[in-house]
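Student: Could you build the full structure based on these sequences and the hints that come with them?
These are the residues of each chain, in order.
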Amino acid sequence: MPIRLDPEEFEIKALFEAVGAFAGQHVLEVGCGDGRLTWRYADEAARVIAIDPDPARLARAVAACPPRLRNRVEFRLEPLQSFTSGAGFDLVILAWSL
Amino acid sequence: MVHALEQIRRLLKPSERLIDIHPMDRPPPVAVRLGPHTHRLGYLRETDDSIEYRQADAAVAQVVREGLFAVEHTGEFPFRIYTDAVAELQAYLAEEWKDAVLEDAVVQRAAELLGGPERDKELIVQDHIHIARLQPVFAS
Numbered sequence: 001m002p003i004r005l006d007p008e009e010f011e012i013k014a015l016f017e018a019v020g021a022f023a024g025q026h027v028l029e030v031g032c033g034d035g036r037l038t039w040r041y042a043d044e045a046a047r048v049i050a051i052d053p054d055p056a057r058l059a060r061a062v063a064a065c066p067p068r069l070r071n072r073v074e075f076r077l078e079p080l081q082s083f084t085s086g087a088g089f090d091l092v093i094l095a096w097s098l
Numbered sequence: 099m100v101h102a103l104e105q106i107r108r109l110l111k112p113s114e115r116l117i118d119i120h121p122m123d124r125p126p127p128v129a130v131r132l133g134p135h136t137h138r139l140g141y142l143r144e145t146d147d148s149i150e151y152r153q154a155d156a157a158v159a160q161v162v163r164e165g166l167f168a169v170e171h172t173g174e175f176p177f178r179i180y181t182d183a184v185a186e187l188q189a190y191l192a193e194e195w196k197d198a199v200l201e202d203a204v205v206q207r208a209a210e211l212l213g214g215p216e217r218d219k220e221l222i223v224q225d226h227i228h229i230a231r232l233q234p235v236f237a238s
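Chains A and G, in that order, give the protein sequences. Taking my numbering, the leading residue of the first sequence gets 1, the next gets one more, and so forth. Taking my numbering, the leading residue of the second sequence gets 99, the next gets one more, and so forth.
Calculated from the structure, these hints are not laboratory results. This one's a predicted model, so the numbers in the text were calculated from it and none came from an experiment. C-beta: ideal position from N, C-alpha, C; glycine also. Don't take every hint at face value.
The calculated lysine to aspartate or glutamate pairs, modelled on EDC-like cross-linking and capped at a C-alpha distance of 16 Å, are [stated by the list, open to error]:
1. G:K196 - G:D155
2. G:K111 - A:D90
3. A:K13 - A:D43
4. A:K13 - G:E144
5. G:K196 - G:E150
6. G:K196 - A:D54
7. G:K196 - G:D182
8. A:K13 - A:D54
9. G:K219 - G:E174
Partial pick of chain A residues on the chain G-facing surface, computed with a CB cut under 8 Å [unchecked claim]:
10. I3
11. E8
12. F10
13. A21
14. E44
15. I49
16. A59
17. L69
18. L77
19. D90
20. W96
Tutor: If you want it as structure tokens, here you go:
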């Protein structure tokens, strides 16, 4: 059996409870890692920028990005400290990265 | 950590929100389930004694105390890792949770239990996670 992470989906349930709805939201996810959490909400969001400073993890996220999300999710290899964007965000998610 | 929160605040407007998800300062229990029976083996330790989680809590408390953010919602949830082989868990920890330590006694007992004849079995690590929704506060 491979490693299974949170098969009960407690994390995404807690995230939706905290956020309410992602519909129409422009989201910045800080510390997206391999995209494990990103895939679970990005379907509903209008736009997601997902950043992570770890190249190996980000490469896995890019490779695993479902085709339906490729126009909606943008991955960037950078830490929060150097992140700049002219775009406003409705929501910032610090995903296990504080 | 406080600096990161201050930087995020600069990205947000008053109507926008920050979600913070981070592990709690509680050692995750390690257990083996054999059929209907769960055997608690001990805890997963961290080499830095989980100091970063206490620092994360302190950073959030500080920005709230300083009036930069207001807490709108808090919650917690379990986050479980399942496998059926100690080596799988060790490989995962080495890759993704580098400061985690499985003590020898836990590894040995888990291997004993998982090596038995029971077919319905799994090794479980349960982390405890905190989630909060924060609203940036700006002087009017």
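Student: Please go over all the hints and tell whether each is borne out by the structure.
Tutor: Hint check:
Of the supplied pair hints, the one linking G:K196 and G:D155 is violated, its CA atoms being roughly 21 Å apart against a limit of 16 Å. For the hint linking G:K111 to A:D90, the alpha-carbon distance of about 8 Å falls within 16 Å, and the restraint holds. A distance of roughly 15 Å separates the Cα atoms of A:K13 and A:D43; the hinted pair therefore holds under the 16 Å criterion. Proposed proximity of A:K13 and G:E144 is contradicted: the alpha carbons are some 27 Å apart, above 16 Å.
Between G:K196 and G:E150 the CA atoms are separated by roughly 13 Å; this keeps the pair inside 16 Å, and the hint holds. Among the hinted pairs, G:K196 with A:D54 is consistent with the structure: their alpha-carbon atoms are about 14 Å apart, no more than 16 Å. A hinted pair counts as satisfied when its Cα atoms are at most 16 Å apart, and G:K196 with G:D182 does not qualify at roughly 20 Å. The straight-line distance between the Cα atoms of A:K13 and A:D54 is roughly 26 Å, outside the 16 Å bound, and the hint therefore fails.
For a cut-off of 16 Å, the pair hint linking G:K219 to G:E174 is broken: about 27 Å separates their Cα positions. Below 8 Å, beta-carbon pairs count as interface contacts, and A:I3 has one with chain G at about 5 Å; its hint therefore holds. With a least beta-carbon distance of about 7 Å to chain G, the hint placing A:E8 at the interface is held under the 8 Å criterion. Against a cut-off of 8 Å between C-beta atoms, the interface hint on A:F10 holds, since the closest Cβ of chain G lies about 4 Å away.
Because the smallest distance between the Cβ of A:A21 and any Cβ of chain G comes to about 12 Å, over 8 Å, the interface hint for this residue is violated. The interface hint given for A:E44 is violated, since its Cβ lies 14 Å from the closest Cβ of chain G, which is over the 8 Å cut-off. The beta carbon of A:I49 is not positioned within 8 Å of any beta carbon in chain G (closest approach about 11 Å), and the interface hint is therefore violated. At about 14 Å, the closest approach between the beta carbon of A:A59 and any beta carbon in chain G exceeds 8 Å, and the interface hint on this residue is violated.
Against a cut-off of 8 Å between C-beta atoms, the interface hint on A:L69 is violated, since the closest Cβ of chain G lies about 19 Å away. Here the hint on A:L77 is broken, as its CB sits about 17 Å from the closest CB of chain G, past 8 Å. Annotation: interface hint on A:D90 holds; nearest CB of chain G at approximately 5 Å, less than 8 Å. Taken as an interface hint, A:W96 checks out: its beta carbon lies about 6 Å from the nearest beta carbon of chain G, inside 8 Å.
The structure fails to meet hints 1, 4, 7, 8, 9, 13, 14, 15, 16, 17, 18 from the earlier list, while all remaining hints are met.
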